[in-house]
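Protein chains in written order, with our numbering: chain V, 1 to 332; chain L, 1 to 284.
Calculated from the structure, these hints are not laboratory results.
C-beta atoms are modelled at their ideal positions from N, C-alpha and C, and glycine is treated no differently.
Accuracy of the hints is not assured; some may be wrong.
Unchecked claim - On the chain V side, residues computed to face chain L include the following (Cβ under 7 Å):
| # | residue |
| --- | --- |
| 1 | Met74 |
| 2 | Ala82 |
| 3 | Gly85 |
| 4 | Asp108 |
| 5 | Glu116 |
| 6 | Asp117 |
| 7 | Asn195 |
What the hints assert, rightly or not - EDC-like cross-link-like pairs, simulated, lysine to aspartate or glutamate; straight-line CA separation at most 16 Å:
| # | chain 1 | residue 1 | chain 2 | residue 2 |
| --- | --- | --- | --- | --- |
| 8 | L | Lys174 | L | Glu200 |
| 9 | L | Lys143 | V | Glu44 |
| 10 | L | Lys141 | V | Glu67 |
| 11 | L | Lys141 | V | Glu44 |
| 12 | L | Lys143 | V | Glu67 |
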Amino acid sequence: MSTTTQKPKLKTSAMIASIASEGQKTQSAPFGHALVELAAERPEIVGMTADLGKYTDLHIFAKAFPERFYQMGMAEQLLMGAAAGFAHEGAMPFVTTYSVFATRRAYDFMHQAIAEDKLNVKIAGALPGLTTGYGPSHQAAEDLALMRAMPGMTVIDPCDALDIEQMVPAVADHNGPVYMRLLRGHVPLVLDEYNYKFELGKAKLVRDGRDVLVISSGIMTMRALEVAKELARDNVDVAVLHVATIKPLDTSTILREAGRSGRLVVVAENHTSIGGLGEAIGTELLRAGVTPQFRHIALPDAFLDAGALPTLHDRYGISTNVMAETIKSWIS
Amino acid sequence: MDTSIKPTRADLAKLMDHAYRIRRYALLMGEVQGQGYVGQALDIADVLAVAYCHAMTYRPEDPKWDGRDRFLLSNGHYAIALYAALIEGGIISEAELETYGSDDSRLPMSGMASYTPGMEMSGGSLGQGLTIAVGHCLGLKRKESDAFVYTLFSDGELDEGAIWEGLMSAAHWKLDNLIAIVDVNNQQADGPSSQIMAFEPLVDKMEAFGWFTQRVDGNDIEAVANAFDAARNHPEPKPRMIIADTRMGCGVPFLEAREKNHFIRVDEHEWQLALQALEAGRTA
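Go ahead and model the full structure; you've got the sequences and the hints to work with.
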């Protein structure tokens, strides 16, 4: 008998994990390329980062416009304060770091130096929600709740490369501070198949369906579209309403779609169940007296585990497979 | 003004008059509310007189003029002093001081940019001003502007990590258009600053961080004026630091002698006595 046993290969965690599924169409660094294109026309744009240029795709901007790129070192409070000062002088800073560091570490600087003065600072946070298996230090499960609570802040959770590409010029046209979740590296391209166009402040019905309405933001829209395809095989017809702008919320579109009778409404978000899209929509539905059957797919109110991202997405119910099973269980 | 020439005796006499009126306006505002950070206003009046009536370039009728020198008040609770300086500089009217701290006033008790002409930032969350000043300086350099950015913060703010982020970055970016002033009055909310969190030797620290550093008696108006001139004219591509040792309550002896804390208590009948004491000191 053989004495050696082959150990199964362990799934490992990584700080930067791809959210693209195998064989999925992707686009490289949509944020960096879109910003370079826009900055060619808008000289007031500068790029600033806190030692994460390479990891937020801002290095592409830095290479194209070295004299307009400001490396502020690993100092997020300085990053936000200096961005405010820069904006006071008429510049439009695009500021990048990880979502955790922007929202948790530098919150007061965004609140006081940027938002209170309604300054034109555009903050892009990478690794939003659960998009890294590195553990709570890097998992920004509560970034949307924090940023929604800040007066005057526009908050965006894009789905894919197309969303990001179109979001960049739109946030530049918007006068005021913006927090946008950032997907970087090889970013899935999904919405190009759905005749979709990003509009700031607008929710978009990406796919219609009779039985279930999924209202989602960010990568959960990508998941919802995959779930819709899967459930179609079981003759369950799933509509997907993509809410890329979390604040201000497109309440009228949400109420119209949620008010269509006979559909289960499922809000799906890559975010803690507290303070994000689900609670925002629940409040609006109650306020308007629209009361469909309502379910919520979100991350738990917990410090999330470290591990491989697919494992964690399964564990917390935001993978396509688990989400499809969950929705099936709700309608059976 | 030719800044290479030291202020004359007549210039200094004028500056002392400005400082006197800044102290007076601050006391009048304190009287309106029956409270206010007048101890700090009295200690920083000489620095503000030099800033607004000697060093800075601005147009009182156009506080947003792009060529102006910027003054960022990080310690928002010193707003009572800055309003007094803005009155003395002609940016807001003396009549307005009667509204200090009242509902709908442009002069709230903590300074905010959106409320007051000439107020460049919203202070109060201490330790932010220097980081914002760094951004202004980078923006001004990008615009090829000659304007200076002044920022005032207090010794207590040295406890905040963001100050040290600002100190490092200003030297890294060679911000020779930045002039920071630290008010060392050795008082913060819970007690003497040096006991709350030891910050000395401050000159050594600032120099080690790459700043052109001067330490002066912040209530010696000639020394302050000379320090501002030297800061502006310094040839090295470095940010400039003025450490101003000040005395809380300066100019009103009975307040200066009062047991020190962050918030000097002034009883209702004492406001007029304080104004009289200030006046007496001026004519003495």
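Now for the hints, and whether the structure bears them out:
1. The beta carbon of methionine 74(V) comes no nearer than 9 Å to any beta carbon in chain L, farther than 7 Å, and the hint placing it at the interface is violated.
2. Contact between alanine 82(V) and chain L, as hinted, is supported at the beta carbon level, the nearest pair being about 4 Å apart and thus within 7 Å.
3. A hinted interface residue such as glycine 85(V) counts as satisfied when its beta carbon comes closer than 7 Å to some beta carbon of chain L; here the least separation is about 2 Å, so the hint holds.
4. Interface restraint check for aspartate 108(V): the shortest CB-CB distance to chain L comes to about 5 Å, inside 7 Å, so the restraint holds.
5. Because the smallest distance between the Cβ of glutamate 116(V) and any Cβ of chain L comes to about 5 Å, under 7 Å, the interface hint for this residue holds.
6. Because the beta carbon of aspartate 117(V) sits about 5 Å from the nearest beta carbon in chain L, less than 7 Å, this interface hint is met.
7. Because the smallest distance between the Cβ of asparagine 195(V) and any Cβ of chain L comes to about 41 Å, over 7 Å, the interface hint for this residue is violated.
8. Pair hint lysine 174(L) plus glutamate 200(L) does not hold up; C-alpha atoms about 24 Å apart against a cutoff of 16 Å.
9. Taking the CA atoms of lysine 143(L) and glutamate 44(V), the gap is near 10 Å; set against the 16 Å cutoff, the hint holds.
10. Taking the CA atoms of lysine 141(L) and glutamate 67(V), the gap is about 11 Å. The hint holds against a cut of 16 Å.
11. Straight-line distance between C-alpha atoms of lysine 141(L) and glutamate 44(V) comes to about 13 Å, which keeps the hinted pair within the 16 Å bound.
12. Note on lysine 143(L) and glutamate 67(V): the hinted pairing holds, with a Cα-Cα distance of about 12 Å set against a maximum of 16 Å.
Hint compliance for this structure: hints 1, 7, 8 are not met, and every other hint is.
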